[in-house]
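Student: Heads up: the protein sequence lines correspond to chains B and R, in order.
Numbered as in the numbering used here, the first sequence ends at 507 without a single skipped number.
Numbered as in the numbering used here, the second sequence ends at 1507 without a single skipped number.
Hints are computed from structural coordinates only; laboratory data are not their basis.
These figures come from a predicted structure and were not determined experimentally.
Errors might be hidden in some of the hints.
Calculated cross-link-like contacts (lysine-lysine; reagent style PhoX-like; alpha-carbon spacing at most 25 angstroms) [to be verified]:
1) R/Lys-1412 to B/Lys-115
2) B/Lys-412 to R/Lys-1115
3) R/Lys-1316 to B/Lys-406
4) B/Lys-412 to R/Lys-1281
5) B/Lys-281 to R/Lys-1288
6) B/Lys-288 to R/Lys-1281
7) R/Lys-1135 to B/Lys-412
8) B/Lys-317 to R/Lys-1406
9) B/Lys-406 to R/Lys-1329
10) B/Lys-381 to R/Lys-1281
11) B/Lys-406 to R/Lys-1135
12) R/Lys-1412 to B/Lys-281
13) B/Lys-316 to R/Lys-1406
The following label-pair restraints were derived from C-beta to C-beta distances [stated by the list, open to error]:
14) B/Asp-134 to R/Ala-1418: 27 to 37 angstroms
15) B/Met-353 to R/Arg-1058: 20 to 30 angstroms
16) R/Asp-1327 to B/Asp-205: 31 to 41 angstroms
17) R/Ile-1300 to B/Met-353: 35 to 45 angstroms
18) B/Asp-377 to R/Asn-1038: 54 to 64 angstroms
19) B/Asp-205 to R/Glu-1403: 48 to 58 angstroms
20) R/Ala-1122 to B/Asp-212: 29 to 39 angstroms
Glycine included, every Cβ here is placed at the ideal spot set by N, Cα and C.
In case you want the letters, here they are:
There are 2 protein chains.
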Amino acid sequence: MKSLLTAVLVVVSFISSAQSSKINQYIFDQKNQHRWLNQYREFLTIPNVLGDSINMVRNANWIKDLMVKHGVKSQLLLSGKSGSAPVVYGEVKTPGATTTIAFYAHYDGQPVNPKQWAEGLAPFTPTLLTDRLDKEGKIISFPSDKDVINPQWRLYGRGSSDDKAGVFAIITAYESLIVSGLKPTVNIKFFFEGEEEAGSKYLSDIFKIHKDLLKADQWIICDGPRHVTGRKQVLFGVRGDVNIDLKVYGATRPLHSGNYGNWAPNPAMRLAQLLASMKDKNGMITIKGFYNDVTPLTEIEKKALSAIPPVDDILKKDLMLPQPDGDGKSMTELLTIPTLNINGIQSANVGAMAANVIPTEATAVIDLRLVVGNDVDRQVKKVMDHIRSEGYYIIDHEPTDEERMKYPLLAKVVKRGAGYNAQRTPMDLPLAQKAIKAVETTMDYDMVRVPSLGGSLPLYLYEQLLQTKPITIPIVNYDNNQHAENENVILQYLWEGIETMAALMRM
Amino acid sequence: MKSLLTAVLVVVSFISSAQSSKINQYIFDQKNQHRWLNQYREFLTIPNVLGDSINMVRNANWIKDLMVKHGVKSQLLLSGKSGSAPVVYGEVKTPGATTTIAFYAHYDGQPVNPKQWAEGLAPFTPTLLTDRLDKEGKIISFPSDKDVINPQWRLYGRGSSDDKAGVFAIITAYESLIVSGLKPTVNIKFFFEGEEEAGSKYLSDIFKIHKDLLKADQWIICDGPRHVTGRKQVLFGVRGDVNIDLKVYGATRPLHSGNYGNWAPNPAMRLAQLLASMKDKNGMITIKGFYNDVTPLTEIEKKALSAIPPVDDILKKDLMLPQPDGDGKSMTELLTIPTLNINGIQSANVGAMAANVIPTEATAVIDLRLVVGNDVDRQVKKVMDHIRSEGYYIIDHEPTDEERMKYPLLAKVVKRGAGYNAQRTPMDLPLAQKAIKAVETTMDYDMVRVPSLGGSLPLYLYEQLLQTKPITIPIVNYDNNQHAENENVILQYLWEGIETMAALMRM
Chain B
1 MKSLLTAVLV
11 VVSFISSAQS
21 SKINQYIFDQ
31 KNQHRWLNQY
41 REFLTIPNVL
51 GDSINMVRNA
61 NWIKDLMVKH
71 GVKSQLLLSG
81 KSGSAPVVYG
91 EVKTPGATTT
101 IAFYAHYDGQ
111 PVNPKQWAEG
121 LAPFTPTLLT
131 DRLDKEGKII
141 SFPSDKDVIN
151 PQWRLYGRGS
161 SDDKAGVFAI
171 ITAYESLIVS
181 GLKPTVNIKF
191 FFEGEEEAGS
201 KYLSDIFKIH
211 KDLLKADQWI
221 ICDGPRHVTG
231 RKQVLFGVRG
241 DVNIDLKVYG
251 ATRPLHSGNY
261 GNWAPNPAMR
271 LAQLLASMKD
281 KNGMITIKGF
291 YNDVTPLTEI
301 EKKALSAIPP
311 VDDILKKDLM
321 LPQPDGDGKS
331 MTELLTIPTL
341 NINGIQSANV
351 GAMAANVIPT
361 EATAVIDLRL
371 VVGNDVDRQV
381 KKVMDHIRSE
391 GYYIIDHEPT
401 DEERMKYPLL
411 AKVVKRGAGY
421 NAQRTPMDLP
431 LAQKAIKAVE
441 TTMDYDMVRV
451 PSLGGSLPLY
461 LYEQLLQTKP
471 ITIPIVNYDN
481 NQHAENENVI
491 LQYLWEGIET
501 MAALMRM
Chain R
1001 MKSLLTAVLV
1011 VVSFISSAQS
1021 SKINQYIFDQ
1031 KNQHRWLNQY
1041 REFLTIPNVL
1051 GDSINMVRNA
1061 NWIKDLMVKH
1071 GVKSQLLLSG
1081 KSGSAPVVYG
1091 EVKTPGATTT
1101 IAFYAHYDGQ
1111 PVNPKQWAEG
1121 LAPFTPTLLT
1131 DRLDKEGKII
1141 SFPSDKDVIN
1151 PQWRLYGRGS
1161 SDDKAGVFAI
1171 ITAYESLIVS
1181 GLKPTVNIKF
1191 FFEGEEEAGS
1201 KYLSDIFKIH
1211 KDLLKADQWI
1221 ICDGPRHVTG
1231 RKQVLFGVRG
1241 DVNIDLKVYG
1251 ATRPLHSGNY
1261 GNWAPNPAMR
1271 LAQLLASMKD
1281 KNGMITIKGF
1291 YNDVTPLTEI
1301 EKKALSAIPP
1311 VDDILKKDLM
1321 LPQPDGDGKS
1331 MTELLTIPTL
1341 NINGIQSANV
1351 GAMAANVIPT
1361 EATAVIDLRL
1371 VVGNDVDRQV
1381 KKVMDHIRSE
1391 GYYIIDHEPT
1401 DEERMKYPLL
1411 AKVVKRGAGY
1421 NAQRTPMDLP
1431 LAQKAIKAVE
1441 TTMDYDMVRV
1451 PSLGGSLPLY
1461 LYEQLLQTKP
1471 ITIPIVNYDN
1481 NQHAENENVI
1491 LQYLWEGIET
1501 MAALMRM
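The whole structure should be built from the sequences, with the hints applied where relevant.
Tutor: Given below as structure tokens:
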């Protein structure tokens, strides 16, 4: 039996590598890569921040046109809610296939502050660099057809990694299969969202309206980065997420810091004191009960966790952080507990515009990441209870004169959107195993198996509304500046992402 | 003797009020006020932030032209330092006069962020309002010659109070004297600085170069606001001032708050913790030895302090601050001890541009006000020692990779300019008494006598370089948003300021 099994495995492996080489040839053909680079560059020039409705529709149509070009039956799905961006949906039925795989990516990006981008870069002017900006990467012209594309080049622009890369890789994987004469082995559904970065506010509406259309045996989410070691990885869950706007107040008008200094309370100082009270110096959260309702990891998850290659030393050097937060815990472990993070803080001005004033208000945006066991409202309540325990009266609006006079310490606390809880898929799910095997045909090492991403996606909606448990297979480099200025993707990761997605279409 | 003295006093008072009514007639003549309002409006349209050299010179020439128009011998004094704005100097010799009074004001303003100004207002588009913005003041057109100017109207614009008002009132007081047929009783020197808000960096150069030209028996500084009760006041000193830029660091690039949250230290949180460690919840400074080297008030100063009308209750209501800082001490008392104030704080973005990131750095600008006994360098050192005691390694430049890896807690601490110490003039100085009497001819109450302004001016330079002890007589309303957005002046204060300065020219 053993030799027979071996023989079967060899044949499977042989077939797989033959197919793989055919696809490989196509994907790593410089002629195709030149075309794709131009196409992707064009895609990244379309601004993709939710709220810019005209451009969001331009993005959606660009995606739809690309799918139609490759023969994919496509349509825009609308939530019917104002300010909502369309989902671009596509479908391919494969004769004889009994399994349907749905591929998810999103085309919207995080808000941008062009001023924060490095010189020569701009969010929606895709720019090619020889290497990472802080590793002496130089800006170069886009290659002509005769130039050789270096796979280590990085393309900078909003969405280049998060997550137009996912959209582009999925569609181009399908192109690659079709044009290179292979066929998918499964039915495929394409689902490209346009409001993920704004908390997927209307995704549930889309799921409810199009429940039947969106039925699939397995959803594969293509978002987030590959493992820090560069390895491909599969993730079985995500943290939940909710943002809070926090504002505290001083006098009703800005005051001369000399004429009022020592007497008029400074809201920037008050905010500093309030935020400082939420964490200790090791970065552990000191809010009462913050870590209490975390569901312990299962045995499989614990085992998987311990098998993940360690990243702390790599990251310490790469990010220049000799002493990370977390009280000595490993990064892998820290991603399985809830967070409280300051996204931004502002009061009056710094730099050349700074003036000798006592500001009128100070603002912070906080994000809470949640793990399985946490609940958005319960977690937000813990933060609010803490703010109250510091003596603040909480309001959800700008204070009235009466409120200012009645409550010396006023904090405006507003939850952004609804937020959402964490989600986890069992690590032994059969179709997930099949997907892993498919991806592993493109590699000579084992995929990294992660119980949960540190980041967030509203995957609980798939469980609740589509009764399915998704897995996440990301494709981009981890050092992509996702969510910030100078976002970028390494071209090699884009090409390998196409390869990964193509393998999944033949799982 | 008593009746003779009374008779003399009556005569003096009679002469004084006769002159006063002649001057009054001129100053409160609507025709003159229409002309002045247009002139002052034109003056305020010239941007006056140091660094904008072309406009600083335009301001200087505008002032010089106005003085020349009224027959004042004028010139620009230059420090010879690049980036420095000229001093506008003027001189009037009065036949028979034995006393020389020098009048100081400054024409530069604090930096502006036009975005922070209220709708309809802009720093350099002077705008007239019926009342204070937050008291339902409405924007109105500038009056035509036929309209009656309401003295309660407010003129909004950068410099409208601080301190183009001083420049304008001093020159216009001289105009009023001359045109209404009265004469100054003293020799007058006009001295209008252009870099006070930037710390009067080159004032000492001017003083050194023009030491003889600038000799005067009494310097009168026209800057800052009248007393909170609206009373005219005279100030015998100022606090010193120094600014510090403080920056702390996180990773070398912005990180996804999910993928790195709990592990990568957040510089905004670090800055919050560091700043919070500097003050207690009553706003008292907790830095070791911060209040130690304060010179106690003299008996005269203590007595004067206790005679100042209380302002706390007025300000609590006006500024909506039911519970001021200062551990129960009165505002008047709190202005006689040193401060530590956050001018501004920033890390990444808040509002619509906020993203789910862990920022790379967080910045604060701090200002320290100093009282007599404090020394700039000693006070800054206390702050730096405190930062070190919190575990930070202090640098004065952006960190190198080596420094980042060697010191987990890095703080960039940079003093802005040299800063300067406090200054105090004895409250029984004879010429000061004479000045007070002159101003009191324009009023039916006693001037408020204040040992020290809460704000700062580099008055120590007058002592050090000109061997003279200045006094400060301010003219504008206290609720003028000095140093911040929506700066404004009440027209009545401008007219009365002209009257005050005219009285001083006949002291």
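Student: Which hint numbers does the structure go against, in order from smallest to largest?
Tutor: 16 and 20
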